[in-house]
Amino acid sequence: MTVSRNAWLMGAIAIFAALAPLVFPDYRTQIAMLWVMIIFAQTWDVMGGQMGYNSFGNIVFFGIGMYTSAVVQRDWGLEYFIGLGVGMALGSVIAVAAAAIMGLLILRMRGHYFAIATLGLGIAAGEIASGWDFIGAGSGMVTPLYPGHIDGRNLFFDYLFFAIAAITFLCLKWLYGTRFGLTINAIRDNEDKAEAMGLRTGTFKAFAWCVSAVFLGLCGGALGNLLGFVDPRDVAFAGPTFGVWMVLMAILGGKGTLWGPVLGAVVFHVTQEIFWTHLLGWQRVALGLLIVIIVVFFPLGILGWARERWPHRFGHRVEAS
Amino acid sequence: MLDNIQLLFDAPLLTTQLLLDGVLIGAIFALAAYGMALVWGVTNIINIVQGEFVMLGGYVTYQLYVWGAHPFLGIPVAAAVLFVVGYLAYRTVIFRVANQDLFISLLATFGLSILFQQLMNQIWSGNVQSVDSGLDTWYLFDFTVTVAQVKVLAFAVSAVIAVLLVIFLKRSRLGQAIRATAQNPQAARVLGIDTDRVYAMTYAINAALCGAAGSLVVMAYTIHPYAGLPFTVRSFMIVVTAGLGNLPGVIAAGLGLGAAENIASFVLGAEHRIAFVFGLLVVILVARNAWLGRHRKYLK
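Chains as they are written, first to last, in our numbering: chain A, 1 to 321; chain B, 1 to 300.
Take the hints with a grain of salt, since some may be wrong.
No more than 25 Å apart at the CA atoms, straight line, and that leaves these computed lysine to any residue pairs for SDA-like [stated by the list, open to error]:
{"id": "1", "chain 1": "A", "residue 1": "193", "chain 2": "B", "residue 2": "293"}
{"id": "2", "chain 1": "A", "residue 1": "193", "chain 2": "B", "residue 2": "292"}
{"id": "3", "chain 1": "A", "residue 1": "193", "chain 2": "B", "residue 2": "291"}
{"id": "4", "chain 1": "A", "residue 1": "193", "chain 2": "B", "residue 2": "100"}
{"id": "5", "chain 1": "A", "residue 1": "173", "chain 2": "A", "residue 2": "13"}
{"id": "6", "chain 1": "A", "residue 1": "173", "chain 2": "A", "residue 2": "210"}
{"id": "7", "chain 1": "A", "residue 1": "193", "chain 2": "B", "residue 2": "289"}
{"id": "8", "chain 1": "A", "residue 1": "193", "chain 2": "B", "residue 2": "104"}
{"id": "9", "chain 1": "A", "residue 1": "193", "chain 2": "B", "residue 2": "295"}
One side of the interface only, derived from the structure: several residues of chain B facing chain A at Cβ under 7 Å [stated by the list, open to error]:
{"id": "10", "residue": "93"}
{"id": "11", "residue": "106"}
{"id": "12", "residue": "107"}
{"id": "13", "residue": "114"}
Just so you know, these hints were derived from the structure itself, not from any lab.
Glycine residues also receive a C-beta, built at the ideal position from the N, C-alpha and C atoms.
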């Protein structure tokens, strides 16, 4: 029953993804950003939700993708689409390499120490990016123009980001069903026991971070071209930008679930767009307030709350107690 | 960069100047770090709002200065205002997350820090502000080494507050209750200590310490609504390096961090100062972890 409902839901989303940019041409950029947000929330949840390693630094991989793609397109003199493809691929590869190296160093920390270390990484990356002349320092980098009409550009990126989001979702859905998914859940529940059972937790932790980095690198490689500009603040954890949104979206939807981050991203993106239109000047105050409210009152997220309310709908047996 | 390192060796007076400035600012870092160590030790919360409390203390002093008061008055007033702010923050938000998952409290204080940043930005605008304390500068070694008296004042105030804090924790009834709660909350509750009140007071005292630090920052340096996070990270680093509950260690680590930061910002360029702070944080954490791993304490 669950499987068929999942299939229905995925079908509906695919139809929405195919038609929405055509039906609402004015909202194409927003729709593309919606897919980006979904990718953010999902990739954060691999670490934060499924594995219980609450990282503030995942945004760095996104930034690596963004900058790599921009540098490839600027310096290698390739044709636009080839440059974009090469940039995305290379960005993804470098992001994974960075994830592997950083993973070996800091994934051995736990709890507060891990979260603060990743916060430090995120902010240090942003500060380095805004001080490094090769990548434009504080003024950022301009990405090449799309060869064609702007409507065509937006349509192209709509479908591109949907494709990345869909691939991310399907890959994660498959991964969560394998031994990998079981292992990272075991690490979340009790890492010492998992280690004592003979699981190589270090390898799995680093691998989970690499999974998260692959998709963030891809997504970042493409996003620079949609925004037309790479801002050093995008890679950083400086203030209320992507870095904190991805954490918030996953928690809002319900961390540690497959659909939670997707739901959280949709709800967050829509709310945020409403904030931005109606609360000009105060939107970031509202954002801070929102973080506090979500974290303090809904730490389980929407799906977690629904699961507590209607456990039988989620395939849980209600225990008589 | 290499030229600058060479210069450090060739010009000992310049190096002295850098170290002196660094040590003097390090005292302010240590002041915020006492508070963080206190809250961390007692309530097991890592308070990300720390830096914003420091900035808010600075803005309170700045506002008094704009209204015509002497900035020295800002030190007690900022501490008092921040005490109230800290108490209210605890009673509205922090107590709900005090006994929960570690990450929930971390993220909740992070949300509060964004809230405070944006409110400060709305009220006092995003400009860099500073206050003229009216103090002079000492010139040593034929005008090659300068010491701003306000920085010496900051150092002295920080030292006095450290001593007062130790006396308070050792002697006063509330201080003893705080130490008892830090050791064992359940036993403290059984013995009739109102632990909830202790938590609230600890948090408020922490905010007051940050307020005093902030008013020293605005006199000796500058404040900015978004400059809070580096202070949080510095406090965290200092506490991690010193170890919880080690007040002399906090002072030593604070002074050391100030000196290291000042030297690094000279060698790497001032624009890399914040990057250096955050990079150093990661290095310290990695080193600490490797050290603990070698001593087989990591399973805890």
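Here is what the structure says about each hint:
1. A:193 with B:293: This hinted pair holds, its Cα atoms lying about 17 Å apart.
2. A:193 with B:292: Judged against 25 Å, a Cα distance of about 19 Å means the pair holds.
3. A:193 with B:291: holds, 22 Å
4. A:193 with B:100: holds, 22 Å
5. A:173 with A:13: holds, 15 Å
6. A:173 with A:210: OK: residue 173 of chain A and residue 210 of chain A at ~16 Å, within 25 Å.
7. A:193 with B:289: At roughly 20 Å apart (the allowed maximum being 25 Å), residue 289 of chain B and residue 193 of chain A satisfy the hint.
8. A:193 with B:104: holds, 24 Å
9. A:193 with B:295: Given that 25 Å is the threshold and the Cα spacing comes to 20 Å, the pair holds.
10. 93: holds, 6 Å
11. 106: Because about 6 Å separates residue 106 of chain B from the closest Cβ in chain A, which is inside the 7 Å limit, the hint holds.
12. 107: Result: holds, 5 Å to nearest chain A Cβ.
13. 114: holds, 4 Å
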